[in-house]
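Q: Input sequences plus hints: build the corresponding full structure.
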Amino acid sequence: MNVQNIINQIEKVDPEVYEKLDTRRDAMKSFGKASGRIALAALPLALGSMFQKAYGQGSTTLVADTLNFALTLEYIEANFYIKGVASPGLIPTTAAMNALTTIRDHENAHVSFLRTAITSLGGTPVTFTAAQFDFTAGGTFADVFSNYDTFLAVAQTFEDTGVRAYKGQAGNLMSNNDVLTAALNIHSVEARHASHIRQMRKARGVDVKPWITGNNSGIGAVVAASYAGEETTTQAGVNIVNLGGFTISAAAASEAFDEPLTKEQVTAIVTPFFA
Amino acid sequence: MEALEENGLKAVSRRNFLGYFGGATALLVTAAACKKDDTPSNTGVNLGSGDTGILNYAYALEQLEAAFYIQVAMTPYSGITAAETSLLTDIRDHEIAHREFFKAALSTSAIQALEVDFTSINFSNRDSVLNTAKAFEDLGVTAYNGAGKLITNPDYLTLAGKIVSVEARHAALIRDLISNGSFADNTAIDANGLDLSRTPAQVLAIAGTYLKRALNASNLPTS
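Quick note, the sequences are listed as chains B and X, same order. One gets this note's numbering by counting positions in the first sequence from 1 and adding 15 to each. One gets this note's numbering by counting positions in the second sequence from 1 and adding 395 to each.
No lab work stands behind these hints, which were simulated from the structure alone. Certain hints may be false.
Stated by the list, open to error - Computed Cβ-Cβ distance ranges for the label pairs, DEER-style:
id, chain 1, residue 1, chain 2, residue 2, range
1, B, Ala265, X, Ser444, 30 to 40 Å
2, X, Ser618, B, Thr247, 49 to 59 Å
3, X, Ala600, B, Asn113, 27 to 37 Å
4, X, Thr470, B, Val100, 24 to 34 Å
What the hints assert, rightly or not - Covered stretches of chain X (chain B as the covering partner; in silico rule of three or more C-beta atoms under 8 Å from a C-beta of chain B):
id, segment
5, 446–458
6, 511–521
7, 528–540
8, 555–561
9, 570–582
10, 600–612
Positions of the beta carbon are idealized from the N, C-alpha and C atoms, including for glycine.
A: Structure (structure tokens):
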């Protein structure tokens with residue numbers, strides 16, 4: 016991707032693009048500083064950031080802060096699966112190991128992708144190490160890395176919480192189309208993970224489906240905060256149950272829509288998992 | 396056929412009914428009765444502009460998905476298991492919920508009920524049904540992911556987000572039914588661990604195969 020070509024193209028529709036970029040010296044400087052470290056995949060994000068600053072749309076700080084929040088969640092998930100996959104005797108089958116390895120690799124990729132994106136926006140990505148996490152949550156899940164069912168229960172909670180967390184932050188990313196799209200593209204991957212983990216639990220005899228029915232987790236009160244509000248059957252003031260004269264149960268109405276969580280709600284949920 | 400239409404199926408019901416029971420003869424009848432509307436996309440069903448256009452775009456896709464799963468439930472493929480019936484019935488109900496939600500939310504701005512063309516699908520065959528389901532679900536995910544940036548009202552963006560993650564749950568489940576462990580394989584997810592996104596034009600080029608009338612997306616926002 017040739018940045019100069021892109022700017023030349025923009026000049027055709029906005030002859031003042033150079034002036035706008037030039038009068039935003041910080042934008043150019045931060046772009047130049049970051050560009051050497053920007054992976055090709057994240058380059059559109061970097062360009063988006065540069066032009067966002069040049070054209071004064073929205074708050075890049077808000078976008079970077081939001082991505083750091085997402086990055087924190089990805090660090091939790093990545094470290095959780097890294098440790099789980101490496102725990103001897105925890106994962107009983109090859110199929111399960113393959114699935115959890117796939118998920119681990121995605122979470123690692125998300126960490127890497129978000130770090131690059133935050134840097135390209137001129138922000139500073141947060142960093143966490145394995146020692147900073149306590150996946151027993153202070154003893155609540157004491158056997159998380161020795162009891163496969165506990166491990167899957169925590170995995171499901173992380174994935175479903177992750178889906179809700181990204182959903183809750185989408186509005187904060189609207190000023191940057193490329194970042195918003197990337198976040199949405201992560202959000203749906205977390206939902207795919209959740210679906211599969213739930214099927215893994217189903218195969219272990221737990222009464223769950225790939226989607227969230229009511230606010231049932233199949234885990235218990237200890238994770239209630241991650242599922243609170245999922246029982247909603249009204250969307251934008253429209254009651255979904257039997258809408259339009261069709262048979263739509265309350266269960267189906269709740270399943271058909273995943274609900275967002277606020278940053279504060281998510282923070283409260285994940286705080287016990289930090290050592 | 397009255398009962399079928401009450402379930403939200405229009406002309407498709409009869410054609411698939413014939414296709415399911417009538418074999419080759421029905422295919423000939425179907426081919427004659429369903430001359431494809433090949434008019435350019437700017438003369439089809441007009442989705443409208445702005446956020447309304449995007450909501451109509453979503454409404455169109457949900458109509459397509461709902462019609463598909465209604466047909467799947469009515470004419471289950473041979474060898475379907477109880478577990479598969481239960482899961483596919485759930486998905487049908489979710490898609491009806493999505494469709495009816497958009498219809499209610501759009502009110503008088505909603506596009507018409509769309510007639511679908513499922514002649515390319517063999518509803519009695521598990522592979523045909525599940526591969527079509529996979530295509531629809533993955534398409535839905537990429538469609539919502541691509542439409543997010545086109546929405547200006549943050550409440551609508553959140554609503555799209557509430558639906559897309561459920562479509563992703565469907566996509567993963569359907570993929571696992573086809574081949575366990577393929578819920579997020581590299582045919583759906585890129586090297587950065589990201590799902591894909593598609594523009595409305597890209598989505599409608601694929602979805603158009605299953606619609607009798609083209610959709611006019613020419614007034615939708617593009618950025």
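Q: Among the hints numbered above, which are violated by the structure, and what are their numbers in rising order?
A: Those not satisfied are hints 2, 4, 5, 6, 10.
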